[in-house]
Amino acid sequence: AQSVTQLDSQVPVFEEAPVELRCNYSSSVSVYLFWYVQYPNQGLQLLLKYLSGSTLVKGINGFEAEFNKSQTSFHLRKPSVHISDTAEYFCAVTRTDGVGNQFYFGTGTSLTVIP
Amino acid sequence: NAGVTQTPKFQVLKTGQSMTLQCAQDMNHNSMYWYRQDPGMGLRLIYYSASEGTTDKGEVPNGYNVSRLNKREFSLRLESAAPSQTSVYFCASSADRYNQPQHFGDGTRLSIL
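Chains F and U are the protein sequences, given in the same order.
First residue of the first sequence? That's 17 in this note's numbering, and the numbers climb one at a time after it.
First residue of the second sequence? That's 1111 in this note's numbering, and the numbers climb one at a time after it.
In short, the hints are calculated from the structure, not lab data.
Being a predicted model, the structure only gives us computed values, none of them experimental.
The C-beta atom is built at its ideal place from N, Cα and C for all residues, glycine as well.
Careful, some of the hints might be misleading.
As the list claims (entries may be wrong) - Under 10 Å between C-beta atoms, here's a sample of chain U residues computed to sit facing chain F:
#1 Ala1112
#2 Gly1113
#3 Thr1117
#4 Gly1152
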C-alpha cells in the first residue's frame, strides 16, 4: 500500500521569506506525486505534479517541488511567500500502474504567512 | 466553467436521519470519488467509481452508500447519520488516465447532532 507523511502540521513564516513544506512517501511500486492547495472553505486545487522526467517541477503561484527517489521525498518550496499563500497544502501519490485507481493524501500542512 | 458541483453546501442533521449528498461534474470524466476531511486526518477516501456502473469501497466506507447515476453524477448517502459522520465531504473527478489529477468540488459541511 501507499502512504504519505507530511512532517509538519503547521508552518508559520514571515512574508517574503522562503518556505519548504516537507512530504515523504512510502510505496513498493513507482508513484506519481502531486501537491494540492486548499484555501478556506474551498476544495483542493492542483499546484503541481511529477509524472516523469526532470525531478524539479514548477507549478502555479511560484511554487516548485523536487522529487528525490532515493529519499522518497517530494518537498514543496517557494523562495518568497505572500500573504495570499496562507492555506492548507496536501501532498498526494498514486500508483503509476493505475492499480486501485486511488490517490493517497497526506494529513496536510497549514501554512500561515505573517505580515 | 462549473467543474465539480456539490449540493448542498451546508447541512445539519439529527442522529438517525438520512441524507443524500449530490455531486455532478461537467468535464466528461470517467472516475469520481467521495472523500471526508477531518482535522488532522487529511482526506480519506470513502468510495470511488472508476466508470459508470461501477463503485468500489475506499478506506472508510462504513455507514455510507453510493450511486453512480450516470457519467456525470455520483451521490453519497448516509442511511442513519451518526455524530461520528460530522465532517466536510468532498467529491472529486478525474480523467480515465491514472496520472491525471483530481478536480474537487467546494465541499459539503455536514453536522450531525
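Here is what the structure says about each hint:
1. Ala1112: violated (12 Å)
2. Gly1113: With a closest approach of 9 Å, the glycine 1113 (chain U) hint holds.
3. Thr1117: At about 14 Å, which exceeds the 10 Å cut-off, the nearest Cβ of chain F leaves the hint on threonine 1117 (chain U) violated.
4. Gly1152: Holds: closest Cβ of chain F sits about 4 Å from glycine 1152 (chain U), inside 10 Å.
Violation of the numbered hints given earlier is confined to hints 1, 3; the remaining hints are satisfied by the structure.
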